[in-house]
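Chains as they are written, first to last, in the numbering used here: chain A, 4 to 499; chain B, 4 to 499; chain C, 4 to 499; chain D, 4 to 499.
Note that these hints are calculated values from the structure, not bench results. Do not take every clue at face value.
The list treats identical chains as one, so a pair stands whether inside a single copy or across any two.
As the list claims (entries may be wrong) - In silico EDC-like cross-links for lysine to aspartate or glutamate, where the CA-CA straight-line distance does not exceed 20 Å:
hint: 1; residue 1: K344; residue 2: D186
hint: 2; residue 1: K242; residue 2: E324
hint: 3; residue 1: K344; residue 2: D237
hint: 4; residue 1: K390; residue 2: D380
hint: 5; residue 1: K387; residue 2: E365
hint: 6; residue 1: K234; residue 2: D399
hint: 7; residue 1: K344; residue 2: E176
hint: 8; residue 1: K207; residue 2: D399
All values reported here derive from a predicted model rather than from experimental measurement.
Number of protein chains: 4
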Amino acid sequence: MTSYFLKASQFPLASVCLQLRYSSGRGSGSRSMSFQKNSNPSPKLQFQLERVPHMNDFFPNVPSHPNPLIHNRHFHALMNGFFVHDTDMVARQVAIDTSDPTSQTHAYFPRAGPRERVIYKPEDVKAAIVTCGGLCPGMNAVIRELVIGLWYQYGVRDVQGIQAGYRGFYSMEWVPLSPKVVDHWHKIGGTVLGTSRGGFDLEKIISSIEKSCCNVIFIIGGDGTLRGALKIMDEVTRKGLRVTIACIPKTVDNDVGIIDRSFGFQTAVEAAQAAINAAHVEAESTPNGVGLVKLMGRYSGHIALDATLSSRDVDCCLIPEVPFFLHGEGGLLEFMEQRLKANGHAVIVMAEGAGQDLIPREGENSIDDSGNVANLDIGPWLSKQLKQWWKEKYPDRLFTVKYIDPTYMVRAIPSNATDTIYCTLLAHSTIHGAMAGYTGFVGGVVNGNYCYIPLDQVAQAKHFVNVNDHTWAWVRSVSNQPDFIKPALHATTIDG
Amino acid sequence: MTSYFLKASQFPLASVCLQLRYSSGRGSGSRSMSFQKNSNPSPKLQFQLERVPHMNDFFPNVPSHPNPLIHNRHFHALMNGFFVHDTDMVARQVAIDTSDPTSQTHAYFPRAGPRERVIYKPEDVKAAIVTCGGLCPGMNAVIRELVIGLWYQYGVRDVQGIQAGYRGFYSMEWVPLSPKVVDHWHKIGGTVLGTSRGGFDLEKIISSIEKSCCNVIFIIGGDGTLRGALKIMDEVTRKGLRVTIACIPKTVDNDVGIIDRSFGFQTAVEAAQAAINAAHVEAESTPNGVGLVKLMGRYSGHIALDATLSSRDVDCCLIPEVPFFLHGEGGLLEFMEQRLKANGHAVIVMAEGAGQDLIPREGENSIDDSGNVANLDIGPWLSKQLKQWWKEKYPDRLFTVKYIDPTYMVRAIPSNATDTIYCTLLAHSTIHGAMAGYTGFVGGVVNGNYCYIPLDQVAQAKHFVNVNDHTWAWVRSVSNQPDFIKPALHATTIDG
Amino acid sequence: MTSYFLKASQFPLASVCLQLRYSSGRGSGSRSMSFQKNSNPSPKLQFQLERVPHMNDFFPNVPSHPNPLIHNRHFHALMNGFFVHDTDMVARQVAIDTSDPTSQTHAYFPRAGPRERVIYKPEDVKAAIVTCGGLCPGMNAVIRELVIGLWYQYGVRDVQGIQAGYRGFYSMEWVPLSPKVVDHWHKIGGTVLGTSRGGFDLEKIISSIEKSCCNVIFIIGGDGTLRGALKIMDEVTRKGLRVTIACIPKTVDNDVGIIDRSFGFQTAVEAAQAAINAAHVEAESTPNGVGLVKLMGRYSGHIALDATLSSRDVDCCLIPEVPFFLHGEGGLLEFMEQRLKANGHAVIVMAEGAGQDLIPREGENSIDDSGNVANLDIGPWLSKQLKQWWKEKYPDRLFTVKYIDPTYMVRAIPSNATDTIYCTLLAHSTIHGAMAGYTGFVGGVVNGNYCYIPLDQVAQAKHFVNVNDHTWAWVRSVSNQPDFIKPALHATTIDG
Amino acid sequence: MTSYFLKASQFPLASVCLQLRYSSGRGSGSRSMSFQKNSNPSPKLQFQLERVPHMNDFFPNVPSHPNPLIHNRHFHALMNGFFVHDTDMVARQVAIDTSDPTSQTHAYFPRAGPRERVIYKPEDVKAAIVTCGGLCPGMNAVIRELVIGLWYQYGVRDVQGIQAGYRGFYSMEWVPLSPKVVDHWHKIGGTVLGTSRGGFDLEKIISSIEKSCCNVIFIIGGDGTLRGALKIMDEVTRKGLRVTIACIPKTVDNDVGIIDRSFGFQTAVEAAQAAINAAHVEAESTPNGVGLVKLMGRYSGHIALDATLSSRDVDCCLIPEVPFFLHGEGGLLEFMEQRLKANGHAVIVMAEGAGQDLIPREGENSIDDSGNVANLDIGPWLSKQLKQWWKEKYPDRLFTVKYIDPTYMVRAIPSNATDTIYCTLLAHSTIHGAMAGYTGFVGGVVNGNYCYIPLDQVAQAKHFVNVNDHTWAWVRSVSNQPDFIKPALHATTIDG
């Protein structure tokens, strides 16, 4: 057993069960066994210390060295409190219902930060950084800080950039990175390394890693990318390669689970304001003007939701998590009519994944390049529906719909200050974790604290807008938005 | 015993002590007594449910009514999960050291949100809103949302704006507010209501409140303002006036304790980037160029710290929490010389409260208008010191210092999206609390969750940069910033 | 002697003809006759003083009064040079070919500015302001300044806002405007008065003007609107109504002739940068990435051209004035292939009116609501063409096209400083002209000088990109953009 | 006949004198003689073609070559109208008083643009670029475009960057520049080459130029820099060195004469809005709040003036060209009192050179480093005066002054779109001129047309705000700003 997890008996809550949830396949049973000792027969409040894989799990007797940070000329790492210990943990759940605490599981993740001892000497590290998937504000900030942190804090001098996503491992030249090269990257949108979808060829990637003798790999990408990283992790383990896999989740949709939010999200919400403002101005400047804005969010409506809450100029926010319908009592059109009557204009913000069940799907485009059911474009469809509806109902009255799709202008920009600081600390957290020996993990923020989360958990967890929660309810109360309950259902609800 | 707190016996952690910390003077001993039942003789892990005053504490048998939100035409509040219960609590502490959990106290605050029953009928509410102290991004957003929430969610029609801070209660006309009036305020910097320092005349304020029959007062201000609010709360209690006091902390310095951060802080950090960028460009564009930026922060360096971390162009960040010195080994000038030699330029960001011990204090201006020891202006002082030092050391070499004080440009702007959403939810949270009967409280965010915190706690708590914590250490490692340890001390530290 | 300077004898200025061009129908022949005296029998260099209609032309003996500006308390208008005289003129043509000056006509317009005498007393003015057509940055700034100038400079107190364009004259309530009402309008995009297309019913408008006793009408709109204004001017003249018609051209496309540029244009060019930046980042961040941006410009490519020149990240700029073709030697696709090979990415900016001859026109949508041939959407069409071409040519290579249409985000924003100052001086110029008795005119800038231009001239004049001029050639040289000359033509050109 | 149009007979154009003004010392008498032929004994309207020095003037029989632009693969320069001829001229004066045209001189400058023949072969050019003086938005854009234009249009491959101003010629390494190096520079503020004041050592500079064999020098700087360039030009001429001197005026103050405006000026005016907005918000948010903003402008108030006109929130604009006084009737304080009474707040914008006669000058700092009379800081002085005045007059009333000096934040930023396009065309114009053989010239815009102006003229000409002109009068009428006329004078004026 590694020393950095509490033995259950050390945890002086007599009535607490320490239970390690550690997905099979990621670590052998024996390693996780020791955490499953349940010293108490009647567990009530469940504490669960999340197990993050460590190189020690796979390579017994990995030697460790003092953290090079202690030799830094300018600051003195020996002061009290500088190093984080493996017993420092961060709670996943902070809001509890004290009327029934037994129903809740309290998971804890290891806190991120520099450890006193690391498993790599500077001169032994050959690091690689890859970015995959669509663009997101802050990607360059993350890359820059990985290079800066490895170079200045840990003395690593061999950092390679993989170009254009996973395919870059085997089909393109690797780009040597240094502080000088990346110095101004955080002020550029997109990713200077390049990115792409697909191109995940496990065999070629592993072969390329072996050939290059690369031993610390930083992978920045969304859930698909993280699942790829898991496969690399498995294969590396299977082959007995001593390679650290460290990930940073990237999704402008903010739909990765467990972590508070993904980097770039705040920037995207801020940038979306310009589109909503324009839609609002267009709508207000003409009789019966409607402004439509489509924002990112295939499966979750976080950007649409937050952009709506921060704009204060939106009448209705449509997200994938909440079904709606157009015609009839309680429908969107009825609501729009009321708003237009009251204010003379209205603004709708919709996530791209909203209303997929309403849009007629034609045969040809039902499957996209990745083999998934293709997303249908709600923007033009809803725009057309609104115009048809009005023309039939009020053929003589002015009515205009102005539709804006600001997607690329929202995501292909540099991170704002809030996100840059986040990217910075994410990157440094992840470096500390990798140097300390963690592997198969992501660096993330949980309840405001940087910590390490098992990669397999993050790769699975989806983060939806909780429509039963207060935030969504508040949005609706704040904007007086309908909940699109059909009359029959509605009656039931009222009765209930 | 009020119904909204758990009885200790209901809390099925046998080894847990429930202890109510409730400052004397705010509530009577009898009310808090019931929470001090300690069912377990050997408490180890301390749970503490924070007691927020409630009108019921002062006026027994305050009648309650169904929340008017259930009658909202558009959305249907009856769905499961909409209303928040008094047993929903939010943890204050989320990062724990599992090696010694007994050393930690776990405080919980009531979660914010609409309650099923409220103590005010819409037509009985006469609300007033006042803003005090210096400007901060988002003040108008908070005011706007208080008006919007009271009006649309709770049907309140009598909302008054108090002009120019506390003095406005008795010396200026009150301004009737409505959704139409405040509609675009969130896009304006400052506070349309006006603000000022001082003017706190308890007697006149109370008299004005009594005369106006105002019964729900929203006070937005910093720690001084909150202490004033406490006095109003005490006096109102003493006089038996049925007046709700609800506060929202405002401090661009982010130096109010307990809450995650104050509103407007993220906007200020973002806005500060323009000043740092300008300083960096000026410094880089000339040989031995030094850029100096002074940011807000009399007692805490949060803005300077976050602005530094998000900029990535800063060589040194000076904050009140960390002493520094100029001359000699390990001093600022030595550090600057190294940086200038290495890069040809350097950027220093300083909080206004940094280095107060170094600046010679002349008799005349030692006391400011409020009777406090006046802050000395570090900007011009440090600028002069740098020039003198260089002129003496390298009289023939070019050297320029460009000093920027962007204070008003950082604080007199509208909130960005991140802060507007925060202001919105803060305001709505606070309304829900006031309508539900809480009083003497502030609405705030703790670990990402909106909750209610006793006013007296927030009025006392200061939020400093924890220089023993990882964030500060990381800043320093990230920027390779010195820790200004004098050689002797240094040696000791190393030995230690 | 160097060859590039004219010998004095080559410059045949001895014989100059002053000729007034004044369109028949706007003023009577007798008035213009007197300007056609040709004192020289062999005119070579033609000077032409443009005749702007004046109320005196239609109502002999219109009384005049001293300009109320002389009574302004704060500044003293009597100083030398304050008032502009009718003999102050502004040249339309400033770049001349001195090798053949006889070929050129030199037109001069009356300079704008306050006149010593005005034809309206403050209390006699009933002014109305109307905005028509699509949105453009600065509309609110113009409206605001018309109100401010009339109110503070000329003491006018009856200023009415017409809502939603021409139809607002007869179908909506007029809105009384005052400095207090319009105070912050210049910081809002769009037009608070509202606007719309169509709704021009001459009879109803005239009837409404008569009924309202409105006597000074400010009309802000594009060429269609100005042609409507001409009709109003004619009808008002025909009916002998003493009504001043003063116009300010509005077109975000910058396609109104004679004037240097239309207000809002600089703001739009600035705003377009965000879209081009995003397209560039998207293109650069992926292998063979193409960014497409569609900008406004149905008949002229000014926005596309200026946005291209100021961005420096654009590979190709397509405008209506320059035909292009896709396939074959010298075509766009060949050019794109070269750029992708050279740089790995490319950015195309296109005006919405470019390539209309290439896009297949389907029967149904050939006529738009105004009866014109409908514009076809080049964006999706070109995007599809590019994808098809690549797929056929390189089925195995990555290729992405990211298409951005930022139209509303470019036009529905407030004017930037450059445009606000322009709107301000335009509005004040126009007021001075109207008060001095000019009518049937527009206020505009010609070669940097504010002046008055006959309405009929501006309503006809189109401003295209001069593709034979240096600017366009420079764009192309600067971006190395092709001129899409088909091989055969090309050969001819070379031969010629 | 209306009185405001000239009769043809009043326009004495029959007799025109062509006169070349060419300052002695720059070209030999013989060259200019030929232009002084006066074919008419009674000159009335004076035409003057400005003589720009040409290498032919100094080196007879300089060979010329076809412009390499004709070989450009992508566009075809042979089309009609592409090349500019030496007979293409641009008028300096466009607004004339037709009542007395004889009083006016009409100067014409050669139009900028590519010539059919150039004097340099690509492989023979060794170009150098230097930036001097203070920062200004757009410097990097100019540098970038010089490199781009030389490289891609003229095939030049040897372009050197001189670091840190004139001193860089002899004391620092030269930096080879290429399109790859400068690609993103236009998005960076300041100058990547570096700049400094002083360091002008003619002998060392000439010696360095000789040693390097550099033959085309681009100098970017303000009036001091241009006077230095003149000295280099003279010395180069004296020594018979075949070196082209081409300049681009740089002054954020916009105080260089002849040209319409200097690059970066529009960006600075735009950036100043943030400071004025902040001052306005601070002033409005508190009783009797005064916002003070100091903007650049030692000798001319252009930035203050334009920033005032575009902001619409300024009560008073103080510029060097207009004296003011504080106390007594008609003074600033009286005006402020009126404004505070009327509105409760006020905003003052002042150019740094305003009120220099009012500020007490203390012995020590009367001479600055350059030997000039030092500028005194009006900001803190006026701030103090205002506070003292109020304290004496209304000791019991609130009064706050918020002073903002945004200088570096206004100038150390990248150029906006309007300025970037300007910098681009300026740089390309200047390249075309240098390649065509012009020397001792600046590229500039006159009445909207790019042209070449003799260096000596620009180095002398100052551009002040014309306080007798309409623009200033309008500012004052627009803001109702006082003209600070002392009562006695005032009476006289009224009487006159």
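Comparing the hints with the structure gives:
no.	hint	in the structure
1	K344 <-> D186	between (54 Å within a copy, 18 Å between copies)
2	K242 <-> E324	neither (42 Å within a copy, 51 Å between copies)
3	K344 <-> D237	neither (60 Å within a copy, 38 Å between copies)
4	K390 <-> D380	both (16 Å within a copy, 19 Å between copies)
5	K387 <-> E365	both (17 Å within a copy, 18 Å between copies)
6	K234 <-> D399	neither (61 Å within a copy, 25 Å between copies)
7	K344 <-> E176	between (61 Å within a copy, 16 Å between copies)
8	K207 <-> D399	between (64 Å within a copy, 18 Å between copies)
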